[in-house]
Amino acid sequence: MKVLVPVKRVIDYNVKARVKADQTGVDLANVKMSMNPFDEIAVEEAVRLKEGKEHHAAGTAAEIVVVSIGVTQAQETIRTALAMGADRGILIQSDADLEPLAIAKLLKAVVEEEKPDLVLMGKQSIDGDNNAVGQMLAALLDWPQATFASKVVIGDGKATVTREVDGGLQTLAATLPAVVTVDLRLNTPRYASLPNIMKAKKKEIAVKAVADYGVDVADRLKVLKVTAPATRSAGIKVADAAELVSKLKTAGAL
Amino acid sequence: MAVLVIADHDGSTVRDTTNKTVTAATAIGGDVDILVVGQGAKAAADAAAKIAGVRKVLLAESAGLGHTLAEAVEATVIALAPGYDAILSPATMDGKNFMPRIAAKLDVAPISDIVEVVSADTFVRPIYAGNALETVQSSDAKKIITVRPTGFAAAAEGGSASVETVAGSEAPKTTFVGEELVKSDRPELGAAKIIVSGGRALGSSEEFHAVMEPLADKLGAAIGASRAAVDAGYAPNDYQVGQTGKVVAPGLYIAIGISGAIQHLAGMKDSKIIVAINKDPDAPIFQVADYGIVGDYKTVVPELMAALG
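Chains S and Z, in that order, are what the protein sequence lines are. FYI, my numbering numbers position 147 of the first sequence as 147, with every residue one higher than the one before it. FYI, my numbering numbers position 239 of the second sequence as 239, with every residue one higher than the one before it.
Don't read these hints as lab results, they were simulated from the structure. Keep in mind that the hints are not guaranteed to be accurate.
Straight-line alpha carbon distances no greater than 35 Å define the calculated DSBU-like cross-link-like pairs of lysine-lysine that follow [what the hints assert, rightly or not]: (1) Z:K279 to S:K247; (2) S:K203 to S:K237; (3) Z:K218 to S:K237; (4) S:K2 to S:K199; (5) Z:K183 to S:K158; (6) S:K151 to Z:K183.
Derived coverage of chain S by chain Z (criterion: at least 3 residues anywhere in the stretch with Cβ under 8 Å from a Cβ of chain Z; other residues may be distant) [to be verified]: (7) 42-54; (8) 76-90.
The model shown is predicted, which means the values in this text are computed figures rather than measured ones. Backbone N, C-alpha and C define an ideal beta-carbon position, used for all residues, glycine too.
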């Protein structure tokens, strides 16, 4: 089975995003960038499918292809995935910040070329927070989707996926090929070892241009402005629990 | 102009996330219809018909819709889409699951998690876990939108719309295997009016449960946790509040032994009132707290229990 894992280079989750003074976006200059945390979980699961870790049979995944759409430096993100155990990478170079619909269309073109049996990807990126690309890719391909996975079992031509839903868990069996988007509880991603980081340097990354795929990537949404949310100011310290309860009652919170 | 709202319901009643989405739909303008998808969900459709300002309720039923399978919802809504200028759903896990799929089929850019309707084509939505708000204008003829319920007031009851049955689709490539819904008397994190949240200071799983559960039960609150507490194994992962966990905005958020890392603040800073209990007076959590108590939770929480009576 071939697994395709799309990954995105985003602001590191420990860095506080700051809005630019001219309200055109978030300031990413000199900010630490990392692989989107949900994508890291997707890469980890793909590698476990290959290694036969946990409940996966060894060799469930034969090949793991990682694809990223973004700036040249997204190659570093792909290298991280290769160091974790993915086999090869594809970078579709774009200096423009493409919308989820455009990303889904590009990924559809990659899927048609690579013909994976499974697309495993993060449920959302922590910058745009759209939570849309996986579902859109599945729709464009007419594939079934299983989103927000906390457990994935591959067998009998199906992905049996336990999903995080409001109020609990739902388990679905999706006929392969399918798109599975992953949630936090699925696994804890590994740190790549130094020998594997060295090995990853020799793995292939094919660099492509958006134009190579001939899809319409025009923006549909115009960002009018990006502003900082209303800031909270520190309130007051209260002496003890009794005073707290009386303040909360006065404020109507209890 | 007409707007379709896909209801969030439990088969017999509609959740107030639906009423809040109706408010967003009304702000967009035009006639507002509600679609109830499910199986054996007539009672929910009748309940939706009582929301004020609704023109009519459409009820679509099938086995696949009974489990809210994305492909079934998508095909059902696509058949209805020509009659609407905008289609809205609350940004529940279900809504987040099927709405982008519908958008892609219509070749529309979905607009996720809006917190404000500026005009019929312009919306405000949080990005970077709420550390920034973007105002976007859509050039698509049809708008596909998920609505963050905490951003809108609930539409009142008092309507008497008609209920019509429409065709419900199936999801041929997906089978429902089972579900495991948490049977807890406590409210869900996303819907709770009060949340008590514990951090790494609690020191162990036993202590976390022993301290947090009685307090939550006394307040009728949901229980949350910081990522540090979850990573340390003190609390289950679905308790996690933060950028990579759940983003919540209850009326009252009580943080106990939580230092206030950026990634945690991103998940709760929109709460109406924040209370922090921490023995470190310099903990960053105090910078966002309306009320702070500097002290050991071991003494403060029992005192709080006593003060609540």
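Outcome of the hint check:
1. Z:K279 to S:K247: 20 Å, holds
2. S:K203 to S:K237: 56 Å, violated
3. Z:K218 to S:K237: Between K218 of chain Z and K237 of chain S the Cα gap is close to 23 Å, so the pair holds against 35 Å.
4. S:K2 to S:K199: Given pair K2 of chain S, K199 of chain S holds - Cα atoms ~21 Å apart, limit 35 Å.
5. Z:K183 to S:K158: 29 Å, holds
6. S:K151 to Z:K183: 20 Å, holds
7. 42-54: The restraint on the region 42-54 of chain S is violated, since only 0 of its residues have a Cβ under 8 Å from chain Z and three are required.
8. 76-90: violated (count 0)
When the structure is compared with the earlier hints, violations turn up for hints 2, 7 and 8 and for no others.
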